[in-house]
Structure formats: C-alpha cells, structure tokens
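Participant: Below, each chain spelled out in residue letters.
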Amino acid sequence: MMPENAQPDPTDEKVKRLGISLEDYLLPTHGRIQMISESGELLPVDEQGSTPGHEYPMPTTQELLDGYRQLVIGRRVNDQNYALVRQGRMAVYPSSHGQEASEVAAALCLEPRDWLFPTYRDTVAVIARGVDPMEVMTNFRGNWHQGYNPHENNTSVQSTPLTTQLLHAVGMAHAARLRGEEMVVLGMVGDGGTSEGDFHEALNFASVFKLPVIFFVQNNKYAISVPLSRQTAAPSLAHKAVGYGMAGELVDGNDLAALLAVLGRAVKLCREGRGPFLVEADTYRMQSHTNADDATRYREGEEVDEWTKRDPLTRMRTYLKHEGALTEELESEYTSDAETVAASLRDAMGQDAELNPLDLFDHVYTVQTPQLAEQRAQLAEELSRDAHTEHQG
Amino acid sequence: MSKDKSTLSFAAALNAALTDEMSSDDMVVVFGEDVGTLGGVFRITEGLSQQFGEDRCFDTPLAESGIAGTAIGMGLGGVRPVIEMQFDAFAYPAFQQIISHMAKMRNRTKGSAPLPITVRIPYGGGIGGVEHHCDSSESYYAHTPGLKVYTPASVEDAYLMLRAAIRLDDPVIFMEPKKLYWTKAEVSLEELRQEFDTRWAQVETQREHGEPYARAGVARPGEDVTLVSYGPSVVTCLAAAEAAAKEGHSVEVVDLRSINPLDEATITASVAKTGRAVVVAEPQGFTSVASEIVARIQQRCFHSLAAPVLRVTGFDIPYPPPMLEKYHLPNVDRILDAIDDLQWDDTPVDFATATGGH
Ligand SMILES: Cc1ncc(C[n+]2csc(CCOP(=O)(O)OP(=O)(O)O)c2C)c(N)n1
Ligand SMILES: [Mg+2]
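Residue numbers (my numbering), protein chains in the order written: chain A, 29 to 421; chain B, 3 to 360.
Incorrect hints may appear among the rest.
[As the list claims (entries may be wrong)] So these bits of chain B aren't anywhere near chain A, every CB distance computed over 12 Å:
id, residue
1, 22
2, 110
3, 207
4, 219
5, 221
6, 224
[Unchecked claim] Footprint (simulated), chain A over chain B, 3 or more residues, beta carbon under 8 Å:
id, segment
7, 52-64
8, 90-99
9, 316-327
Source of the hints: derived by calculation from the structure; they are not laboratory data.
Just so we're clear, the structure is a prediction, and the values are computed from it rather than from any experiment.
Ideal Cβ placement from N, Cα and C applies to all residues, glycine included.
If we strip away everything but chain B, and leave its shape as in the complex, we get:
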C-alpha cells in the first residue's frame, strides 16, 4: 500500500476507522438508524453492511433506548458494539440506558462487567440545521462518571481516536462535530494506520489504557495567550489565532481531544507559559465543560495568570434557528474581544518568588 498522501475528508476518516476496526475484530458490530443500506444520514457507515454483511452492520427499529440498551446486553455478551445516534438531540431517548447502566456497569460490578461500547453522536451547530439538530450535548455526558467523552477536531484525529474508542473497554461517547464532516486534509491513510498500531502497542505495554489518544494537543504554538478548546470550536480558535497574530498577539491553541479524561498537564503547561487563557466552546456556557476547565486553570495556574480566565461560549439559550445561529456561535471577533480584555497593561508577576510589601 502506498504512503502517498491523498485528500481525505473527516467523514471518510471515520469510515476508514470503522472499516479497519471491523476488519481487525469480528466482534465489532455497528448498528443504529439508517446505518445499513443508506450508510447513515452523514454517510459515515457507507459500505459497511455491503463489505461486512448485514450481521456486522445493520439498521434497527427506530428506538434509541433500544439501540443503547441492546448494546449494553451485547457488551455483556462479548460483542463490541459501535452504535450511532442520528443527531445529538435524538440521543436523549437513550439517556437512561447510557447514564444509569452504560456508565455505571463497571463500578456496580467492581470491574467484573466492563462495557466496551462506542456511542457515536454527530453534534453541534453551524450547519443550518433546524431545531433539535444542533445541540451540543457533551456536558451531559462529561458530567457522568464512567463515560469517556472524545471529540476529534482534525481528520487525523477522527481516524485515530475512533479506532482507540472502539478498542477501549470503557464506554466512550464519541462526539463528532457535524460541521467538520466535510473538512479535508492531505493525509496518508497508510501512515495513519502505522501510527495507530505504534501507539496502540504503547497502550498495551504501558497499560496506559488509551491515554495516548486522550492527550490534548497544541494545535498552534504561541507565547502570549492560550485558547483552550475542543471539537467544532478548534477551527474557530485557529482562525482567531491567525487574526490575532496580525494584531501582534502570539496565540497558542490547545485542542483537548478528550473531554474526559481531561489532560490537565497540557493545559497548565501552556497557560503557565503564556499567563493568559480563554476557553472557547460552542454550547451554552452555564455549568458546562468550559466552566470546568476555567475552574481548573484558575486553581492550578493562579500564580502564572495575568488576568482572569475568560470564556467565549454560546449564549444560555435554546439553540437558535438556522437564520440566527451565527449570532450565537463563538466567532473570531468574540474571541479577539476576549483576548483584548485580558489586562494587557499588567504583566504576569511570579508571586511565588515575589517578596512581600508591594
């Protein structure tokens, strides 16, 4: 196979990850609504039932609680289910199964009944979708102990993280930013496969249990301020960093990749360096993932901070109709405004070494 780079979309990368995991383990089974013949409404499962047969990728009756609940039974029965929820808001009927059983089974059984389930959820806005098609529901899952919450922001991560999620023995809520489905990158799938294998070997030898995939990444290095973000907002942050550079600010962008587990080391290393931070996330900010990250930065980086940690999030309103969503979503201007508000007149003081009396 060639290592030549070719254009791969985010959606095709997810499809390749599913294909590769289904090839490597006969117990990986994909099911949900419209995932068979149609290949999913976003075509993420395209060709799987043709390639692997109806037993390995199939349409279910239209019932999300049924899909999640039977996945739990299958997980107990030795199968590794990968289920699709058609849209963020249509996963809510499955909430009870996910929260009360999927998340807790390991704990309730003192580790004797882990559930190796991946729940794929297309989420977020920015696609002109009408009501119930644009929710950012990650905070509900991140708030639930026992669930891992992954959300890739690049084509490469889409591939690597989905494969890892499927292999993990914990349930993973795999949140796919809808607006990134059609983004593309020049990648060599063959190189990605090798990278996955190398990293997975580390997982097995170091018993890190997937941590290499849950590590945050620096999507763009910078010196003056850190933007912490994940999923659909990472691209917005990268655009803001580009714009800020023109205004003389060197901006570092941290992509969390995994919301839970949360890689605090990467975040604090960055903020300790820059002394300023803005957390950017798409959903309403009230009691959200963004709130959690702000709290932790404040606590761990207090002595490095030159300004309070700010947030740019959606407003605390129901997701707007298509014609108004642009007023709700974090955008470059709002991020630049937040950066401007970071008290540039002060310089960070190293309180740890400062002597008293000022």
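Isolated chain A, as found in the complex:
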C-alpha cells in the first residue's frame, strides 16, 4: 500500500509517457549502445542499439575532443607505469590499457561536486578527475597506502577489497541527501566484483533509498584468470539491475561517444531523482591482471588480437580526424600533454622516495595511544642507534 503522502515515482510517470512497460524500461536495450563503429565511423541512429526509453543524444564534438585528450594521457600513463614496474621503480600496477574509454568517461560524466569511488584498476579515471598522478602512484610505488586526500577532488581512495567501495558510494549519496546537498555518486567495479555479496547489498540499498548512484561495471571479461562465464549465467551484467527495480544499460565500453552518452544520461536522470542506475561497459583487459600475472596461462592470443581491433583510442582518433575536428596541431598538443605527465612520473619514480619510518605511528588514531607512543619511541631509538653505528662505520 502506498503511504498517503507518497510522491508519484518520476520513473513510473516517464515510463507511462513512453508507452513502454516498466520491464522494458529497466532492462537493458536489446544488444548494446554503440555510436562509433570499430572502424571509427558514426553509426546511423537506428543501428546504435537504442529503443524507446533507451535513447541517447550524441555528445558534442568538443566533449569528444576533451575525452580523446584524456584517452591519450590515460594510455600514456598506463604504458609508462607498466614500464616503471618492469624497471623495478614501482611495486605493482594494474593497467587499464584498452579500457581507457571507460575510465575516462567515468570521470568526465561527473561534475566536481559529484563523487567517484574507484578500484585499484581505475588510476586513469582518478587522474581524469584531477588528482595529481604522482600522488595516485603512491600506493603502487609502495611508500604509503594511498597518496591523495579524497576530499580534495571528491574522489575516494582506490579500493582493493573487491566491491566494498560500492557500499561506500551508496553511503556517500545517502549522506548528501541527509545534508541536503545535490550530488551524483559513481561507483566502479569489475565483472568479477559483481559476484561478491557487497554488490547485491549496494544495489539493493541504493534502490530502496532511491539514491543517485551509478554503478559502473567494467566487464573486461576476466577476474585474474577466471572468465566471465564463471561469474554469471545472466544474459548480461546489466540485466542484474531489474531485480532491484533499477534501470540497467549495456554499452560498448571501448566507444567513448556511447559511454559519454549513456553515463551522461544516467547522471542527468539521477539529478532528476530517477536513480540509481547500473551501466555495464563491454570492454577487455588487454594486458595481464598486473605485472605479477601471466595471462598466456589462461587465454588465447587470438582473443586478444580480436580486441586489439576494437581499441578505444584508434577508434576515436579515426572518427575525430575524419570529422576534421582533430587537427595535426591538436594531436601534437595532446601528445605533448601526455608526455609531460609521463616525464614527471619517470622523474618522480626515478628519485628515491622520501621515507620516514616514524610516520607509521601517525594517523592510526586522532590521539596516539600510550602503547603506540612507546613503540614509536622504541623505533626512534633503534633508528638513531643505527644511524650512529653507520656514522661510526
């Protein structure tokens, strides 16, 4: 029974106007949303996968250019970090090479007042949010756990315990409502992460409380070695939304235009009170899980070759060049922007990290416990003794 003072559900109203069933609205469109073909051509509207209730306007050329610039930087960051790990300058790096369009779109669809909840894979999204790349790399370098203040760019820490971050995203949206602030929250997760119990809990909370949260699943087909077929028997991950009374959409995760369109609309609807949303990006993890992994143990090279043809950068570049939007000057400007970031990463990682072992005792509590103070003093004494012995020797 509806409580007497209940507001009409804006989604129901909208669905009624469209003349489609609620199921058709909540379920992803047949197929998936794609705007730019793999060879870089704009698809005719009737081939973009849209159906009533699933219609998406093409982003503007300027939006695509801005996005493409971030793609170039993101790719450069991925490949630079990969090299730095091989050179032993960083401990580990989970690269999003091949997933940059999804990474960039996740950040660009949001405004500064919105929040992003990323995973370890999402360094490029975090940088696209405006976080200093050098600070982002702290964790992967190994001199501290997380290197940036989440409140500075409304970008939470990169989460490694899988899927936990989605509940944090829901809580952030709930807090904003309690404080009377308008914001959209986007939580990122992988295909493997959708199997964790937290995934169910996050989607259910968001839906029950009707919170403006976008759950953005990057389906890159693998969870380390385990293929998607071991994670779900559903027709798609986007289909999972309907069980929560939430709309889900499947989008080509290597098509920047389609991603910006689908996520852009999800943000808009969330702002109108019609969230939450689930968006699944169909993409591929081109490299090993991290440098510690060897993907040839569990997948065929041909599969990787197939996905090389769908590269998000090549596709967007072909399209924008063909449109005449991406001039030689702009291209070299973007390349040099990316090179600047890469060079500063190389420089920063080339220098010895500034380390103070006594920092270990800071920030465990607001006020250090007596036990910690004692342990800190013990380490300080050891360090000064060592320094003294070194000096003598």
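On the provided structure of chain A, position chain B with the ligands as indicated by the hints.
Facilitator: Below, chain B with the ligands without anything else, positioned relative to chain A:
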C-alpha cells in the same frame, strides 16, 4: 619410487600434499578463486584440475562468503572441501561463515554434524605486497573456539600438516606463510609419504585425532633462552639463534606448528630448562597469539623464570606499505635486543626448593 632426496619448495610440498590427499580420497575437493586453470596465484593448486578433473578442483564465482558457505554445505553433504582464500585480507568476507557456522557446527549439533573443512590462507608479510596483501590474521581464528589453526614453517611440515589438516574432521584454518613459499629443502617425498602414513596410523589407533601433527617442535636446541615462535617468524628466530650463539648465548627455538591446539608441554619443558623466554610473532602484539603464549609461560613456568617473558612482535599499526615493512617486522636485531634484556645478571632461583628468609 626412489627415496633419493631432491629439492622441494614449500609451495611444491603443499601441492604434493593436495595431490596425495585427492588421490587417496575421492571426496577431497579443492575450490576457490583462480585455483583451476591458473593453479592459484601462488601456484599451490597447479595441475590439480588437469589431473583430477574440473569436478575435483574448480574456480568459483568471486565470492569468499560463497566459497566458505558452500564448503559448509558440502561438508554436511559428505564432501571434504579444501578451500583457498586468495590472500589473508580477502578472507574477511568469509568471516561470518567461518566464525558463526564452520567453527560452531559440531558444538551446536552435539557432535552429530562435524565439518571436515580445510581453509587454506596465504598470510603474513615480507613479500613487498601492497595494502590488504600482508595481514597476519591468525589471532582472529585462534580466538574462535572450534577452529584448529595450523601454520607450518618448514617444507616437511608443509607437506605433513596439510595432509593431516585435510583428514581431520574438525575445520582447520591452514595458514601458509607467504614469504616461505619459495624456500626449499632437500627432502625425499617418498620418505615423507611413509612418515605420514606411519603417523596417521598412530592417530587412528591412539585416537589422538591429529595431535602428532599439532605437536610443537624444537627447531634448534639450546640451553640459555627459549624463543617461542610459529610460521613466518621461525626462520627469523633461527637466524637470531645463530647470531646469539656468536655472542655466547645458547638459544633454543620452539616452533609451535599448531596455534590451536597449543602444545604447552613442549613450550614449558623448554622454558623450564632455559629459564628465559622470548615469544616472537609477526602480527601486532596487542591481544595476540603471542600474548596468550606469554601468559601461559608466566603461569606455568613462574618458578623457573629468571626474567619476565618478553615479546618481539609487529607494532600495533596497520600493516605498513612495502617500503616500510622492514621497520615493522620482527628481525634479528630486535630479537637479540630482547635476549639482552633478560636480566642476565640474575640466575634463576629454584623457588620451590629455596628456603625462606632471603
Ligand atoms: C575480497 C577480495 N577477494 C579477492 C581479491 C583478489 N583479487 C584482486 S583483483 C581480483 C579479480 C577482480 O576481477 P574484476 O572484478 O573483474 O576486476 P578486474 O581486475 O578485471 O579489473 C581478485 C580475485 C580481492 N582484491 N578482494
Ligand atoms: Mg574483470
């Protein structure tokens, strides 16, 4: 099969134990994340799904609570599950299943529904791992009645103890020190197999229920001081004992092997002999396994002690990032410092025989 010794790594010994138990009992089933085709991120399950088929060793959906919870159902259903948690900190989603059900099922059902489950957990630091990959979570499990907690520190024990853990009808949290995976020893696997069979026959005849595997061992004999340790810290203690010998202290190293059940007899025999003890363990010391051992030594060996029992543990902080972990982990210097602090000016007095009036 030959009894010639060959080089076996800690990881390969675990793999051999799994292979042998799967061969000896069709109901032993291995599952978890990446344990199938990949053979586990540490390759402990390498080749098992190829050798025994996908039904016997398989990848699950990515969900630790699901893995532990279905293992409980399987255990009730007559299967003997061996599950892998990929890393220490990634076992936490399974905590409720382990604590509320796995540990208690026997007790709740007055013994009618035991759960013969082995939960393998790579744990501890010293491998340069980033956050959430280096926790020492043994105290949580050791604090939970109903769980056995095993942690081998040598290649031989890795083999023998894992086989025993799988055969036991109690749930065993089998903690594998990550930093030991790549250590090697010259062993004859064939001799180890025979040793296992002989000892297991004892278990069955003497109804000791696995106690031979849960007995602590003296990893190095000595006279002046006892280092009590387990898992990843045993090697550190052995190195410290070597260094202490050069400084004139004869150090005995006790390797617990099993945290629960705890073999107090071996510990007290050693401390009664040496009169001094330091407990060494990797995790934060606050309310830890090390605290428990200190308390028991203090209580049982009070009259033999020449000095308070000391501890060398990690600090009470979140596990440090890779570049700082060396400042946190117990090391030889800290153990030597602790040994130096054991009041060497006094000699242990046998209070039991001392007359009053001093
Ligand atoms: C709770 C938890 N379990 C296990 C792991 C170990 N682990 C790290 S990444 C990963 C695979 C994740 O796959 P997916 O969600 O598809 O993300 P991707 O790595 O492909 O981006 C696993 C099993 C973890 N980090 N957290
Ligand atoms: Mg994945």
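Participant: Next, verify each hint and record whether it holds.
Facilitator: Here's how the hints hold up against the structure:
1. 22: Holds: least Cβ distance 24 Å, greater than 12 Å.
2. 110: holds (23 Å)
3. 207: holds (43 Å)
4. 219: Its Cβ never comes within 12 Å of chain A, the nearest being 31 Å, so this holds.
5. 221: holds (26 Å)
6. 224: At about 25 Å from chain A, residue 224/B clears the 12 Å cut-off, so the statement holds.
7. 52-64: Result for this restraint: holds, n = 4.
8. 90-99: n = 4 at 8 Å, threshold three: holds.
9. 316-327: As far as the segment 316-327 of chain B goes, the hint holds, because 9 residues have Cβ atoms under 8 Å from chain A.
The structure fails none of the hints (numbered hints given earlier).
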